[in-house]
Amino acid sequence: MSTPTTRPTADAAREAVQAAVRHVVPDADFDYVDDDTPLRGEFELDSLDFLGFAETLASRTGVPIAEADYPRLATMATCVAFLTGARDGT
Amino acid sequence: MSDFTMPSLGADMERGTVLEWLVAPGDVVHKGDPMAVVDTSKAAVEVETFADGVVVDLVVRVGSEVPVGTVLAHLGPVGAAAPAPAPEPAPEPEPTPEPAEVAAQEPAATTGHQPVVHSPLARRRARELGVDLASVAGTGPGGEITREDVEAAAPAAPPTPSTVPEAAPATTPAARGAGRPRVTPYARKLAREMGVDPAAVTPHDGETVRASDVRAAAIAAPAPAAQAPPPPAPPPGAPPPTGAPRPTAAATRAQTMRETIARLMARSKREIPHYYLTTTVDLTDALAWMREQNAGLPIAERLVPAALLLRATALATARHPALNGFWVDDAFVPGSGVHLGVAVSLRGGGLVAPAIHDADRLTVTETMAAMRDLVTRARAGRLRGSEMADPTLTVTNLGEQGVESVYGVIYPPQVALVGFGRVVERPWSVDGLLGVRPLTTLTLAADHRATDGFTGGRFLATIDDLLQHPEEL
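As they're listed, the protein sequences go chains A and B. If you use the numbering used here, the first sequence corresponds to residues 1 to 90, in order. If you use the numbering used here, the second sequence corresponds to residues 1001 to 1473, in order.
Keep in mind that the hints were calculated from the coordinates and are not lab data. Glycine included, C-beta positions come from ideal geometry on N, C-alpha and C. Any given hint could be a false lead.
[Stated by the list, open to error] Derived contacts from chain B toward chain A, CB cut-off under 7 Å, selection only: (1) N1294; (2) I1299; (3) A1300; (4) V1304; (5) A1306; (6) R1372; (7) V1375; (8) E1400.
[Said to hold, decoys possible] Pulled from the structure, derived: some chain A residues nowhere near chain B, Cβ distances all over 12 Å: (9) D11; (10) D31; (11) D34; (12) P64.
All chains, please: the whole structure from these sequences, using the hints.
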């Protein structure tokens, strides 16, 4: 996977994740969603929703998302780590 | 001249509400163009026209709920309504690119004299009923002669669809003298058995009364509610329906949808002797092939496993036509094509199963695009009428939400429902070697009146086999 010239900050990544979820679930409420909650389960995203989510996320952040990266978009924490270029768990 | 009527968007639909007009008088429309957004009890649906022509007038106002078969708008032949003094009625509608010329014009056959008649509908009724407009007392605003006035002046006249829903076909092209709709032999037989007058059935395609039209009419007609007072018709001569759509409140919608599902599913379990079959499908090759296809593709163009499953189901359905169609009056009626109903759960509750038409003729990529488009529009409340009517077999992919298998309830009058469970990684033996493989549980719920387990078993085996050779999908 190629590395984009600029990676979003953690805050920007977080914002992009929320926007991307709201793109498919317009009334998504993140108030009670902690960073380790699986997004697909929480927001009942099916595979098509997830595709829309990934698409929006990639276009908002400029970070290319390969199919092999999908598992790294599981929770807010893993999404932010992936988008900012941090290794999982850091 | 033809009528654009409230279509039957599924066996369970009796009435619909016009939420929004997508056309205005004067617009030139072609077969397949969306005309209006209609709220059924299940979804907001874009309803298409089955004829070419010019929109002469919009009969039903936004917000009005009317029975299936009610005339919603009138279409005139393109050119016939032009402002020229003696326009020649074109025998066949010919689309022209200049709708502006015909806007707000009326059919020229009757030209107004002293009476105040702005409504083409009133004029047409007068013509049909042989009523002299000069002898009619107008009760509308400013002495305007309304359709009701015309009809009151002709007491022996046949009722209009808005006063007696069953009589809807009275205003079909047949009644207009434009040629009686053809009735297929099967539809005629079905109509006889169901006690439906085939001449009183509005053909779905505007030309030929088919079995599905008869069934829809049979379902729509006998309901006592259909004989309730007429739906509000716009005062003829009033300005065309305008105003923002008035969607049913979400809560009401959810409640209505719940009731519809309840009625339909109860009917299914009451009438259909279901049998269930299940098999486990190894998706290793299919998913590997999919990933290969997806490599390098932009996200928007990538496939998801559901596209492969749908494609395999469509091909298998074409090979096992006994599962593709309807059970009507103690007999199986094959589907006219493989129109796969895709069960789509809606946010906020409820379920719709619009069809991907002729799914067996699409490539995997086309299937993916069709599915994505359909699901997106289903959730946005923008399905089209033709998608809601008559899927021939339904597929549910409930596994996406986590369950490992789905034993579905058949959507009557269909005779089968295919379910895919979640793709799970499990130990699986291949050629004596144990490995971890992605598996899905494939189920079939089928109507034992239409098929036996043997047919169902072969059908599932075909789907399995197709998924083992994804490059041939």
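Hints, one by one, checked against the model:
1. N1294: holds (5 Å)
2. I1299: holds (4 Å)
3. A1300: holds (5 Å)
4. V1304: holds (4 Å)
5. A1306: holds (6 Å)
6. R1372: The hint holds - B/R1372 has a Cβ within 7 Å of chain A, the shortest such distance being about 6 Å.
7. V1375: OK, holds: B/V1375 within 7 Å of chain A, min 5 Å.
8. E1400: holds (4 Å)
9. D11: Given that every Cβ of chain B is farther than 12 Å from that of A/D11, nearest at about 24 Å, it holds.
10. D31: Given a closest Cβ separation of 18 Å, the condition holds.
11. D34: holds (20 Å)
12. P64: A/P64 not clear of chain B: closest Cβ-Cβ about 9 Å, inside 12 Å.
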